[in-house]
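Undergrad: Here is how the chains run, residue by residue.
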Amino acid sequence: MFLQLIISGLSIGSLYALIALAMVIIYKASEVPNFAQGEMAMISTFVAYALLITAKASFVVSFLGALLFAVLLGMFIEFVALRRAKDPNILNLIIITLGFEMVLYGLASWKWGAEQKHLPFPISDTDVIQFGTVVVSHLDIATMVVALIVMITLFLFFRYTKLGIAMKATQQNVIAARINGIRTNRITSFTWGLSSLIGAVAGILLSPVATLDPNLMMDPLLKGFAAAVLGGMTTLIGPVIGGYLLGVIENLFGAYVSLEFKSVVAFLIIVFVLWFKPSGLFGKHYVKKV
Amino acid sequence: MSGLIAFPFISPNYYVYMLNYMAVNVIVAMGLNILIGYTGQISLGHAGFFAIGAYVTVLFIDKLHVPFFAALFVAALLAAAFGFVLGLPALRLEGPYLAIATLGFGMAIIQVIGRAAVFGGRNGLLVSKMSIGPYVLNTDKELYFMIIPMTVILVFAARNIVKTRVGRALVSIRDSDIAAETMGVNVTYYKTLAFAISAFYAGIAGGLYAFVIGFINPGSFTFILSILFLSMVVVGGLGSVLGAVMGGIFISFLNLKLESVQYIPGFGDMLVIISKKWMSVTGLPNISSIIFGLILILIVVIEPLGLYGFWIRTKKYWKTWPF
Numbered sequence: 024m025f026l027q028l029i030i031s032g033l034s035i036g037s038l039y040a041l042i043a044l045a046m047v048i049i050y051k052a053s054e055v056p057n058f059a060q061g062e063m064a065m066i067s068t069f070v071a072y073a074l075l076i077t078a079k080a081s082f083v084v085s086f087l088g089a090l091l092f093a094v095l096l097g098m099f100i101e102f103v104a105l106r107r108a109k110d111p112n113i114l115n116l117i118i119i120t121l122g123f124e125m126v127l128y129g130l131a132s133w134k135w136g137a138e139q140k141h142l143p144f145p146i147s148d149t150d151v152i153q154f155g156t157v158v159v160s161h162l163d164i165a166t167m168v169v170a171l172i173v174m175i176t177l178f179l180f181f182r183y184t185k186l187g188i189a190m191k192a193t194q195q196n197v198i199a200a201r202i203n204g205i206r207t208n209r210i211t212s213f214t215w216g217l218s219s220l221i222g223a224v225a226g227i228l229l230s231p232v233a234t235l236d237p238n239l240m241m242d243p244l245l246k247g248f249a250a251a252v253l254g255g256m257t258t259l260i261g262p263v264i265g266g267y268l269l270g271v272i273e274n275l276f277g278a279y280v281s282l283e284f285k286s287v288v289a290f291l292i293i294v295f296v297l298w299f300k301p302s303g304l305f306g307k308h309y310v311k312k313v
Numbered sequence: 004m005s006g007l008i009a010f011p012f013i014s015p016n017y018y019v020y021m022l023n024y025m026a027v028n029v030i031v032a033m034g035l036n037i038l039i040g041y042t043g044q045i046s047l048g049h050a051g052f053f054a055i056g057a058y059v060t061v062l063f064i065d066k067l068h069v070p071f072f073a074a075l076f077v078a079a080l081l082a083a084a085f086g087f088v089l090g091l092p093a094l095r096l097e098g099p100y101l102a103i104a105t106l107g108f109g110m111a112i113i114q115v116i117g118r119a120a121v122f123g124g125r126n127g128l129l130v131s132k133m134s135i136g137p138y139v140l141n142t143d144k145e146l147y148f149m150i151i152p153m154t155v156i157l158v159f160a161a162r163n164i165v166k167t168r169v170g171r172a173l174v175s176i177r178d179s180d181i182a183a184e185t186m187g188v189n190v191t192y193y194k195t196l197a198f199a200i201s202a203f204y205a206g207i208a209g210g211l212y213a214f215v216i217g218f219i220n221p222g223s224f225t226f227i228l229s230i231l232f233l234s235m236v237v238v239g240g241l242g243s244v245l246g247a248v249m250g251g252i253f254i255s256f257l258n259l260k261l262e263s264v265q266y267i268p269g270f271g272d273m274l275v276i277i278s279k280k281w282m283s284v285t286g287l288p289n290i291s292s293i294i295f296g297l298i299l300i301l302i303v304v305i306e307p308l309g310l311y312g313f314w315i316r317t318k319k320y321w322k323t324w325p326f
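Heads up: the sequence lines are chains Z and Y, in that order. Residue numbers are given in the working numbering: position 144 of the first sequence equals residue 167, and the series is strictly consecutive. Residue numbers are given in the working numbering: position 175 of the second sequence equals residue 178, and the series is strictly consecutive.
Every clue listed holds true.
Non-contacting residues of chain Y with respect to chain Z, defined by C-beta distances greater than 10 Å in every case (computed):
#, residue
1, LEU7
2, SER14
3, ASN16
4, TYR18
5, VAL19
6, ALA74
7, GLY136
8, VAL139
9, ILE164
10, GLY170
11, VAL174
12, ASN189
13, ILE216
14, ILE267
In silico BS3-like links for lysine-lysine, alpha-carbon gap of 25 Å or less:
#, chain 1, residue 1, chain 2, residue 2
15, Z, LYS134, Y, LYS279
16, Z, LYS109, Y, LYS319
17, Y, LYS319, Y, LYS166
18, Y, LYS280, Z, LYS79
19, Z, LYS140, Y, LYS280
20, Y, LYS166, Y, LYS318
21, Z, LYS140, Y, LYS279
22, Z, LYS109, Y, LYS318
23, Z, LYS134, Y, LYS260
24, Z, LYS51, Z, LYS185
25, Y, LYS144, Y, LYS132
26, Z, LYS134, Y, LYS280
27, Z, LYS300, Z, LYS285
28, Z, LYS79, Y, LYS279
Read the hints as simulated data drawn from the structure, not as lab findings. Predicted, not measured: the structure shown is a model, and the values here were computed from it. The beta carbon of each residue, even a glycine, is placed where N, CA and C say it ideally should be.
Construct the complete structure from the given sequences, taking the supplied hints into account.
TA: This is the structure we're talking about:
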């Protein structure tokens with residue numbers, strides 16, 4: 024029972040980790056928590072749905088199409104609004120992302136209505152594999168594997184590719200990066216695209232267990248955000264561990280303490296952690312220069 | 004001023020209701036502006052304080068038979084106490100961390116209210132008519148004469164707060180909390196005070212809102228409402244009393260109008276045609292969310308000072324006209 028809870032916690036936790044990663048990547052690039060992340064992923068999932076059902080494309084084509092759409096959407100948002108903010112302090116940037124959150128939410132509910140849809144998925148969530156006493160569905164395994172692959176690719180990308188290193192440089196110091204010949208504006212745009220892509224992967228993986236409606240990512244976004252804050256928003260490993268931790272703790276809490284308040288526990292943890300470590304578990308404490 | 008007094012006698016009932024609704028929102032915007040615009044602390048959980056105000060007022064009147072003013076005051080004080088508690092972690096948090104903490108607070112309040120039987124659970128509570136002593140306020144018109152004076156008083160109180168020593172302390176914290184501390188401003192005290200005042204305003208507004216609408220349930224105090232409050236402050240203009248008033252009026256007007264967007268002549272018909280062709284007609288009311296989002300984005304991109312900024316610019320333009 025206990026092990027079972029941990030496994031299913033890790034499965035949902037890997038989705039939280041992906042969303043948290045997506046948020047942290049943007050946070051490091053533009054210094055704003057991206058509240059539109061969830062809706063960006065949600066609308067990308069709807070694009071997959073539209074390609075699959077309405078345009079009758081194959082799974083591969085429609086998922087790749089949705090991911091491509093996600094990248095373009097992320098770059099578009101950065102290009103159209105974030106870059107043009109007159110006074111880009113944190114409050115104004117948060118307001119822009121909240122604005123996009125509302126716009127995307129409105130668009131999705133206008134187009135696809137509030138009725139719930141179901142995205143057919145090639146991997147079943149009822150077929151299971153048994154390991155001793157623990158039962159794991161194919162979908163859970165796929166989720167964990169895909170999430171791991173995305174994370175490992177991401178770490179390799181940031182370490183070994185030119186684009187990844189340029190992104191890291193831009194995140195660290197825009198002016199220095201520009202002096203070294205990096206087109207920082209373009210890199211920031213790419214960063215948004217990358218982050219949106221990761222979010223869309225999470226959205227698509229989530230859609231078979233949840234019902235596909237405009238509220239799809241509302242809760243997962245908050246959990247992902249919570250995971251990012253829990254792990255610390257200055258590192259990349261922090262949010263991943265935060266995501267897994269949150270998934271497991273939440274599951275255990277739901278089983279042993281109270282199922283009703285399962286969704287509140289995330290925020291209790293955050294408040295508790297922030298009380299002792301204001302920059303999250305793995306974040307370096309940031310000392311302000313005057 | 005005299006226009007405000009004469010208004011309910013010459014206009015249809017719906018507009019009186021609309022003005023009541025606007026006034027309530029102006030109060031929240033005013034309080035939130037003290038927190039965001041003057042102190043520079045973000046809150047995405049004001050719907051929580053608003054809900055506390057509404058529920059506590061209603062329950063105190065219905066269950067304990069406390070007179071209206073006492074109940075409202077207790078509710079607002081309770082909201083302020085919650086604001087104070089939320090202000091404590093805010094001493095160490097900033098930016099995104101504060102945003103998530105306040106957001107979590109707002110969600111948690113709604114979860115608790117939605118689950119507990121005292122608060123009527125998901126079904127909510129029916130609000131009885133407001134009564135002051137022997138008088139029962141039956142109509143929107145009577146409510147109007149209760150709400151508008153309170154709004155005016157609260158707006159002037161806010162103006163006094165921000166124009167005096169307290170307000171200057173808050174602004175200095177917004178501009179640089181370290182500099183403020185070196186100058187001898189007690190940052191701990193003023194940050195928590197800003198949260199408490201802001202929550203107090205939201206609490207009073209919540210109590211009044213319950214009577215304007217006549218019915219409260221957890222569904223009316225969602226995260227979206229917190230964003231709506233935030234957009235009032237941002238659209239009106241951060242850090243200005245007049246801005247909060249304008250923003251509150253403007254956004255609540257839009258909110259009421261956009262609920263039935265398809266009945267707006269011209270624009271609405273166009274939207275219906277677009278919906279039939281490419282979108283879905285049932286989803287049409289969601290257009291309000293799109294419009295609010297666009298307004299938020301445009302304000303930040305074009306005029307970060309909001310309506311107040313436009314007002315200042317127009318005024319300057321006419322003052323110095325040919326130049």
